[in-house]
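A.B. asks: Can you build the whole structure from these sequences, using the hints too?
Residues per chain are reported as follows:
Protein chains: 2
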Amino acid sequence: MRFEALCTGDELLTGLTTDSNTPYFAAKLFAQGEQLQRVQVVGDKREEIIRALQYASAEADVLIVSGGLGPTADDLTAECAAQAAGVPLVERPEVLEHLRALAAARKFALTPNNYKQALVPQGAEMVVHPMGSAPMFILKFGRCIAFFVAGVPREYRYLVDREVLPRIARMQTQEPHRIFRAARLLKTVGLPESHLDANVAPLAAAHPQVTLGFRTQAPENHLKLVASGATQAAANQALAAAEAAARTLLGEYVFGADEETLGGQVGKLLQERGATLAVAESCTGGRLAELLTAPPGASQHFTGGVVAYANEMKRRWANVPDELLGRVGAVSAEVAEQLARGIREAAGSHYGLSITGIAGPSGGSPEKPVGTVYVGLSGPAGTRYQAYSFRGDRDLIRAFSAHAAMDLLRRELLRPAP
Amino acid sequence: MRFEALCTGDELLTGLTTDSNTPYFAAKLFAQGEQLQRVQVVGDKREEIIRALQYASAEADVLIVSGGLGPTADDLTAECAAQAAGVPLVERPEVLEHLRALAAARKFALTPNNYKQALVPQGAEMVVHPMGSAPMFILKFGRCIAFFVAGVPREYRYLVDREVLPRIARMQTQEPHRIFRAARLLKTVGLPESHLDANVAPLAAAHPQVTLGFRTQAPENHLKLVASGATQAAANQALAAAEAAARTLLGEYVFGADEETLGGQVGKLLQERGATLAVAESCTGGRLAELLTAPPGASQHFTGGVVAYANEMKRRWANVPDELLGRVGAVSAEVAEQLARGIREAAGSHYGLSITGIAGPSGGSPEKPVGTVYVGLSGPAGTRYQAYSFRGDRDLIRAFSAHAAMDLLRRELLRPAP
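Here the protein sequences line up with chains V and F, keeping their order. Quick note: the first sequence uses my numbering, first residue 86, plus one each step. Quick note: the second sequence uses my numbering, first residue 86, plus one each step.
These are computed hints drawn from the structure, not numbers from a lab. Check the hints yourself; a few may be wrong.
Since the list can't tell identical chains apart, any single copy or any two copies may satisfy a pair.
[Unchecked claim] Mimicking DMTMM-like on lysine to aspartate or glutamate, the simulated pairs with C-alpha atoms at most 25 Å apart in a straight line are:
1) Lys-130 - Glu-176
2) Lys-225 - Asp-407
3) Lys-353 - Glu-408
4) Lys-113 - Glu-133
5) Lys-309 - Glu-144
6) Lys-130 - Glu-497
7) Lys-225 - Glu-176
C.D. replies: The following block contains the structure:
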């Protein structure tokens, strides 16, 4: 089966919005064993939409069309679909009823524009749904089945998951040579992309049923493994073998998989050990605490944190002596260690983690250029520090610093408790 | 002139990566007076790429093609371009020289794969550039001028800015009816998108040369104004008039424009007043401090912050009495006020800002469901609080809470100092 997508909307062609819908559908479709072959994006223009519908439906078996189903004048998709299919628009009573119920619930009056949403190409299958006013409809262009869905991401994703993909799955059961897939995203930290690539190079030959993909989401680098097989069990098995091999090759650089986050993994390790954590950060300005508290349940192991921007607050909240600050400067190994030790004591937690550095753009010097960062870690095994020099803008340096700190603690927690 | 784009790469059709290049080009092109008419995305398949090149170049005057210029086996773009144009591939010595210099500088040996990057369609204009190994090339398909650029975002953006857009600008000078544009992004907070839309509805009729676009970047809603004119001065003037009218209609909901951030604007207002700020946050876990310290120079007015997750830390860092916590609970108006007052005193700052709430997914109750948030503000004019009930997941509730707190302080700072 050939799969295509068509996205409509001027906002996609003027750079106002980025299409996040198609990647969402593409990833889910691929996991279901099929690959999107072509995407077209066109603006809110009748002739462009009609032509794109004809071009796609002439070859595709399945087409997903998004956008242009709203009530305003530039919502042209239903009209263009009717014209491309050579059928008239008809008013569907079930849609009218849905629109009236929606208006009553939200206490607004239906305008003439709203009624437009009940006009759909004759012969279309309707899917009225609770996520929005625009109904989804399904229309055949010759042998091509086209799903017309709203472009609002919340509605699009709902419809893809609940209506489009299940229908595709039913079509797949009739495919004689169906491909099954299984996928895993392995997430690494501390490993440049070129090294990740080189480290897993041996996988390709040993696991021919598995394709490798690389994605950088600074400061993380991700490896995607997608296994294909003639049955789901075969795909799962090929994936498991490749994943095990990849984890062996990458070792502790892999901190998690799929939806797991570095902050969440650190939390899980603390939880397993029944340990608590407090943090003291300077240049990252709260980012470290934010990442550690993003996962639900963080209050179980995260005691608290301070953003000790002014030196006075380093002294007051983490007991960093003025004498030390004067002697070695706030951005130093000694202050990183004392911040970690001091916050651990102040919060009465098992671990203390700290960051002090120069995120820039100003504040650098020849001895300590922008990107100089010290991370301190204090715990049952004592107190130590790690020095880094990161490159990039302020935001990137802050991001790399917070990840480096979490990773230092993560690796400590992977060791047996002292 | 008709403008089209073609993006190649299996990773775009399996959902591994999202194309951020085309929105970048589209926005810059639109600002330069032209609109992209169609985008095609295809995978790394010869027949798909050739067909897409032919389909686009048959109609477009200008085509930008990205991806597939690397050294690996699935980089097929140069080969497909030659085939679509009906010319042979030839080896270009200036590219070979560039590749050798690059390899020497980076201390790696050239592989046979690398030499492939010197093979380009006969007759192409070459643009060897320092951002990568793949040269950009320019090829004519009949009257269509096609720019072939690397898909790596860093290289793509560099080439679009320095090579592609200036060449398009030179082509525009020969256009008899050239359109000039001027754009402004107005950023609002605290105003639902439907209200934003309704508030600025009068603009459309009064400013026919200006188009309005809406974009939600929760918790913010943005209004994009794009003015068109026969000269740059006319476009600028139309934009200025529409922007002034929009600002009048939206009032204090507008916190900034274009690259300005809410954290940055709060910082600017504090700076103007020579005032300092400290924060105490609970459910937002550091996000408030992070947003306030993201702009460069935040250390001038941001004294410090605490993430008082455990009640013990609320007592120790912001002097919230155990008795109060026991009586009204950590998520309460009284505790929000005391957190703000206490952190202001502890840090010796002019203002103290606090957040306490339930970000979920657990921890809610019938009286205080998930999404219940209190913001406290303490300053020269006294201490007060504001209550909110947000909907959404944990991340969204944290995001809305931090924005609500910054906005409360921003509005306070817009008033005359007491």
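A.B. asks: Against each hint, give a clear statement of whether it holds in the structure.
C.D. replies: Going down the list of hints, with the structure as the test:
no., hint, result
1, Lys-130 - Glu-176, "within (23 Å within a copy, 42 Å between copies)"
2, Lys-225 - Asp-407, "neither (76 Å within a copy, 67 Å between copies)"
3, Lys-353 - Glu-408, "neither (38 Å within a copy, 32 Å between copies)"
4, Lys-113 - Glu-133, "between (28 Å within a copy, 22 Å between copies)"
5, Lys-309 - Glu-144, "neither (30 Å within a copy, 37 Å between copies)"
6, Lys-130 - Glu-497, "neither (58 Å within a copy, 46 Å between copies)"
7, Lys-225 - Glu-176, "within (18 Å within a copy, 48 Å between copies)"
This entry does not satisfy hints 2, 3, 5, 6, going by the numbered hints stated previously.
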